[in-house]
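Asks: Single-letter residue listing:
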Amino acid sequence: QIQLVQSGPEVKKPGESVKISCKASGYTFTQAGMQWLKQAQGKSLKWMGWINTNTGKTTYAADFTGRFVFSLETSASTAYLQITNLKNEDMATYFCARGHYYDGAFAYWGQGTLVTVSS
Amino acid sequence: DIQMTQSPASLSASLGETVTIECRASEDIYNGLAWYQQKPGKSPQLLIYNANSLHTGVPSRFSGSGSGTQYSLKINSLQSEDVASYFCQQYYDYPWTFGGGTKLELK
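Chains as they are written, first to last, in our numbering: chain A, 1 to 119; chain B, 1 to 107.
The reader is advised that the hints may include incorrect statements.
Partial pick of chain A residues on the chain B-facing surface, computed with a CB cut under 7 Å [claimed, not checked]:
#1 Leu45
#2 Trp47
#3 Gly104
#4 Trp109
#5 Gly112
#6 Ser118
Simulated from the structure, these hints should not be mistaken for lab results.
Cβ coordinates follow ideal geometry from the N, Cα and C atoms, glycine included.
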């Protein structure tokens, strides 16, 4: 069965960087793009963008340009989200997800990675 | 960006009741709409895609309808396991955007 397994919770200081992994299994990694989403505690979801797992081409939502980088390790069926120069407002749970019927309807989700930013 | 306005923000209903959650888009999204259920501490789960198509494995008491800018999610015969937050999301145009969510509780 299709699974997306994310790396564990992170505690960082403002200004530091974090790299979250999302390991896919149960399907051919390059068959579907990988999406990234953010959810602050008690809030709705925000789509951050996606990475084409065939070409590595990235698309970022406007609020997630500059400090956010999506990358791949295709041989390991793994996608990454790196956030640099962490700010308090980056404190959230980050999800990887992929579509099934349509890229934008997320049928498969990682379990989420909580990033805590605290001095 | 397409704004998604979801209502109500919270809802209290009894077991067996029928519940409806509404979602309005700021422009026509041509049925490019999904509904998700999220329980505390868990990832969202896809319920409905294409506004009215039931995702595999989702109980038939869930249904979606609507067109243009107005969409709704209906839960027939509410069960205790339906207590959760629900989100609508448009995927018609980038950036894909979500509604603010509806928290469903038991009365």
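Asks: Indicate, hint by hint, whether the structure satisfies it.
Replies: Each hint tested on the structure:
1. The criterion of a C-beta within 7 Å of any C-beta in chain B is met by Leu45(A), whose closest approach is roughly 5 Å, and the hint holds.
2. Evaluation of the Trp47(A) hint against chain B yields a held restraint, the C-beta minimum of about 4 Å falling below 7 Å.
3. Residue-level restraint check for Gly104(A) holds (minimum Cβ-Cβ distance to chain B is 2 Å; threshold 7 Å).
4. Against a cut-off of 7 Å between C-beta atoms, the interface hint on Trp109(A) holds, since the closest Cβ of chain B lies about 4 Å away.
5. At its closest, the beta carbon of Gly112(A) sits 6 Å from a beta carbon of chain B; the interface hint therefore holds under the 7 Å criterion.
6. At about 20 Å, the closest approach between the beta carbon of Ser118(A) and any beta carbon in chain B exceeds 7 Å, and the interface hint on this residue is violated.
Consistency with the previously given hints fails for number 6 only.
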